[in-house]
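A.B. asks: Residue numbers (our numbering), protein chains in the order written: chain A, 1 to 262; chain B, 1 to 637; chain C, 1 to 218.
Treat the hints as calculated values from the structure; they're not laboratory data.
C-beta atoms are modelled at their ideal positions from N, C-alpha and C, and glycine is treated no differently.
Be aware that one or more of the hints could be misleading.
Claimed, not checked - Covered, in the sense of this in silico footprint (three residues per stretch, anywhere, with C-beta under 8 Å from a C-beta of chain A), are these stretches of chain B:
id, segment
1, 50-64
2, 175-182
3, 535-544
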Amino acid sequence: MADTSMTITLKVWRQKDRTSPGQFVTYTMPNISPDMSFLEMLDLLNLELVRKGEDAIAFDHDCREGICGSCSLYINGRAHGPLRGVTACQLHMRSFKDGDTIVVEPWRAKPFPVIKDLVVDRSAFDRIMTAGGFISVRTGGAPDANTIPIPKPVADEAFDAAACIGCGACVAACKNSSAMLFVAAKVSHLALLPQGYPERKARVEAMVAQMDEEGFGSCTNTYACEAECPKQISVSHIARLNREYLRAKMIEEKSGPVDCAG
Amino acid sequence: MALNARIPDGPIQQKWDNHRFTMKLVNPANKRKYHIIVVGTGLAGSSAAASLAELGYNVTALCYHESPRRAHSIAAQGGINAPKNYPNDGDSIWRLFYDTVKGGDYRAREANVYRLAQVSNNIIDQCVAQGVPFAREYGGLLDNRSFGGAQVSRTFYARGQTGQQLLLGAYSALCRQIGLGNVRFFDRREMLDLVVIDGKARGIIARNMVNGKFEAYVGDAVILATGGYGNVFFLSTNAKMSNATATWRAHKRGAFFGNPCFTQIHPTCIPVSSDHQSKLTLMSESLRNSGRIWVPKKPGDRRHPNDIPEHERDYYLERLYPSFGNLVPRDVASRRAKEMCDTGHGVGPTGLAVYLDFSDTIKRLGKQWVVEKYGNLFDMYQQITGENAYEQPMRIYPAVHYTMGGLWVDYNLMSTIPGLFVLGEANFSDHGANRLGASALMQGLADGYFIIPYTIGDYLASNTFPKVDETHAAFRDAERELTAMTEKLISIKGKRPVDEIHKHLGKIMWDKCGMARNAGGLKEALKEIPKLHEEFWHNVMIPGSADAFNQELEKAHRVADFLELAELMCYDALHREESCGGHFREEYQTDEGEAKRNDAKFSYVAAWEFKGVGTPEKLHKEPLVFEYVKPTQRSYK
Amino acid sequence: MGKTAKFLQSSVGRKVVMSLSGLFLCSFLVLHLTVNLFALQVKSDGGAEFDTYAHFMATYPLIRPLEWLLFAGFLVHAVLGLYLEVLNRRRRPIGYEVNRAHENSTWTSRFVWLTGILVGVFLVVHVNTFFVQSRFFDHRPMIELIKEAFARPGYVAFYMVSLFFLALHLKHGFQSAFQTLGLRVGKFQKLIHAVGVLFWLVIPIGFAIIPLYFLFAF
Ligand SMILES: Cc1cc2nc3c(=O)[nH]c(=O)nc-3n(C[C@H](O)[C@H](O)[C@H](O)COP(=O)(O)OP(=O)(O)OC[C@H]3O[C@@H](n4cnc5c(N)ncnc54)[C@H](O)[C@@H]3O)c2cc1C
Ligand code: HEM
Ligand code: HEM
Ligand code: SF4
Ligand code: F3S
Ligand code: FES
């Protein structure tokens, strides 16, 4: 609404591909409206670059509503930018001031290699999910949905964990590049629900093992992940993961490999 | 070619059961030998891939996203319908069937809709078993809400993130099958062509979006679950990458396109604020349960909404539709909002918005109640507009949201190309001319979990599949054509970025083939679009190279297809000389401004056959017969 | 691979070792402070009671294994802690140009490794001054060693600074240990917080009183 347009200087990480070295390139953007979203500002920059025949800045995005988890920008030293509980795609330029210099970097972590510019490969998360982030139930065989009542507080807490959008900001912000919050969110979601009980031992073991194999760091409880998580997933889920893991290691349970149904 | 919808015989309640019995089964030991390619892993695709793999088929799944969990389905907010009748308010399979046929303004296939209603209850069971955390009541049982104009509470929801939770459920089932080795999954792959051999769909060519290489995937059947094409309008509530390429290229290979002009405009979106706007954000329809829609009575009233006294406000939906009020179906609510703005009552800086006011609810139930119910939506609204909707009304305006049209499929969800199945929003679907709230998720999952696993078996068991591999001439040719097309795109090196042309197309479509259409405008659009199409192929600028990660090139392929599809949409809209559901032709309306159908002439599905770029497409009609729900003028008075 | 080995190679397993060793050291602190506080009676009993304890510690046979256990605990804790820190740093080969970590996490949590090292340095000096000297070289009563050591203002200042770092180390460490064990949840949180204050604030202050007392009282 306000026609108080701003001039912004952007320092953006440019990297041709996975193996090339990258560097920062500086762009000056006059006429930025405070009502623009951060990604719209990048769109605008890209339009200009393309008009000049230059390579557009690559960045992941899709829903632009803060739910798909695609956007992944480290903005001025913060995952998803300065606001709490907000993804980069929902960040608007009114959070910045005229004359600001904004440094934009990709997520930095060994298990998240850069594909191009600001785009990183987060398939490690999928592999962790594949290792055990599910309940083994075949299509068709489910009992009536109201067969198992679940106390509302429990269901709500499971939901809080399930709200994770898999964006990887937790890894990006963690000084150890630990994926604990992401993994904990899934483990916690399924461990809280009665449907998830039968496989809880195998699940937590398999997911942690895969997490380690992917090369994420170990958690030292700095809680930066919770602070930067756009869905504000609580680190109490990490505590639950730890408990589940200890329980799995200490209690001998008759639970098959993660998949018993085949 | 005559269209055969393959609707089974018998009374509607028994069609699906009978059909399941008469369909051929694949011997369990042989299932492994059949190779199925699933393109798209949103709700429809993930559920299909997982279910087929569980049955023992050899499945390859791919999507252009980085992970199945990022599919556009993730964004669905409101909920999913099922007539469980847990609230004991008189719901039944029959009522859901009836509501959906009526809501679709009698342009859907009865048999499909009935089956959809039938299997929808199983979806809820399935999702709960997977751990989807639906909302619950204090007693621990599932909660329901009424949604999108339904008069019963049949919508299951997970806060404002139902699509996310359902997709994560389907994704987890898919992950499990990937882990077991039953599904091979490829991310960042965009299907750019369908390969048809001896009249049967036998594979696809996809571009590896990381290194730019074309890859051939060979199978015995191909499933497209690639979502809708609302982004033809550039601005829509769809995710930015949603596109029509997979379906459009299949269309060019022979699959008919059904009802392309049926698009849904959602009434409650955040209005456009500037030219730089890249997409529109939906504010869940559930808000209409608690908010009241109004505009100032005086045209051009620029006062702050809180300064406009009660008697100078026009709660026009409550006035026009006393019994449904603010809960009229989407098409009606959208059109009325447009009408208010067209007559100068619009609000906000652009005059293209109406108010959605929560002050009454806040007064009655307290702010805390609203926070609990809609807090995340209010936050999102504030994030985008910078306004606090607890203190002043929200501004909303309709936006393109969903496409009822899509590839034509028969009762088995098979397109006119044998072996090409189409699921979810990508098919022309069960929603007729207008989709009711909370029914797209239902349809996508019904298709994927409960329909395709049966019907594809029948196709596989009834056909023989000579061995082919990627060296087959058809794959080679398709790859060669794609290489040529891509090189052509890159080599144009014109002046206009893809987005700019896309925006231009979107404006033409929104103005002339949007919420309200008329013959004059459509004819103009049909002149403008080919010109823009022509310009695209001569003046688009795509930097970078073809053999690398190149988002501009990705967009160019998609927009090339949108330009062709847009033309077909206008043809379809022009030929359908009636108003029905989301298709509102200004020439055909009742005295009260409601959509006026012409059942005598247009009670059919328009299925279009591609005849070459620049050549008009051929229209085929699938007559619609309404045996159970007799068409009447929809009334929400 | 054995179950235990597997556990110890997992990220969570290693953290549990850190946490248990850390808590073990915390329990030592309680004991150590209790004993040392008797040194404050030096004016009334000339350090007699304190020396009984010190003598007991130095001579009673059962104490030996406990001593080894304690040293092993320090060693495991310090070595593993630093090893994990090194491993974790390798997970981010290219760092951020700008990283405003202070906006999302506390200094104490990000720098446990540093406060740990500083406490380690303190320990080397401290153990040398008292334990090593008294056991091997200087057989005067312990209270004499203490009087002598804490007569030097520089030495006392070093203690003050070190105790400050110990406080920072425990400020993060104590609750962290319970988070690692999965206990920092629900109603335990308040309890852990309260007991935490005892450990990171009260205990270091308690220690600090001793050198200050000796510095100013004599
Ligand atoms: C904001 C919003 C809110 C909504 N809310 C509701 C609601 O509350 N209730 C409801 O019932 N419905 C709702 N809908 C509609 C519903 O979400 C969608 O119709 C539905 O999710 C579509 O699912 P799908 O599986 O068909 O397609 P999508 O989820 O769009 O998935 C498409 C998949 O295909 C892949 N793909 C596409 N093209 C290609 C290609 N060429 N090559 C490779 N892969 C490809 C994509 O990567 C993706 O995996 C909403 C829609 C929007 C926009
Ligand atoms: C030799 C000196 C020491 C060093 C180098 C050291 C190092 C570390 C490091 C690096 C950590 C963080 C590790 C992690 O969280 O993964 C840590 C945690 C901890 N330390 Fe120390 N430390 C030392 C001494 C001590 C002492 C003397 C105590 C207590 C008396 C102590 C108690 C703790 C506790 C309770 C934790 C938390 C454990 C957890 O996070 O689970 N440390 N230490
Ligand atoms: C500031 C007040 C302190 C005093 C007066 C004090 C005093 C002593 C004395 C007298 C000894 C020798 C005991 C013996 O050999 O029998 C000792 C040993 C030791 N102290 Fe301290 N200490 C203090 C603080 C600390 C702190 C803060 C720590 C740990 C962080 C610590 C760790 C140790 C260790 C590990 C030993 C050797 C093992 C043992 O003998 O128990 N001390 N201390
Ligand atoms: S836990 Fe939070 S930060 Fe981490 S992936 Fe999930 S949503 Fe993103
Ligand atoms: S920031 Fe990192 S250290 Fe642990 S608490 Fe979060 S994963
Ligand atoms: S683009 Fe989907 S979360 Fe940001």
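A.B. asks: Hint by hint, note whether the structure agrees.
C.D. replies: Hint check results:
1. 50-64: Since three or more residues must qualify, the claim that chain A covers the segment 50-64 of chain B holds, with 3 doing so at under 8 Å.
2. 175-182: holds (count 5)
3. 535-544: holds (count 4)
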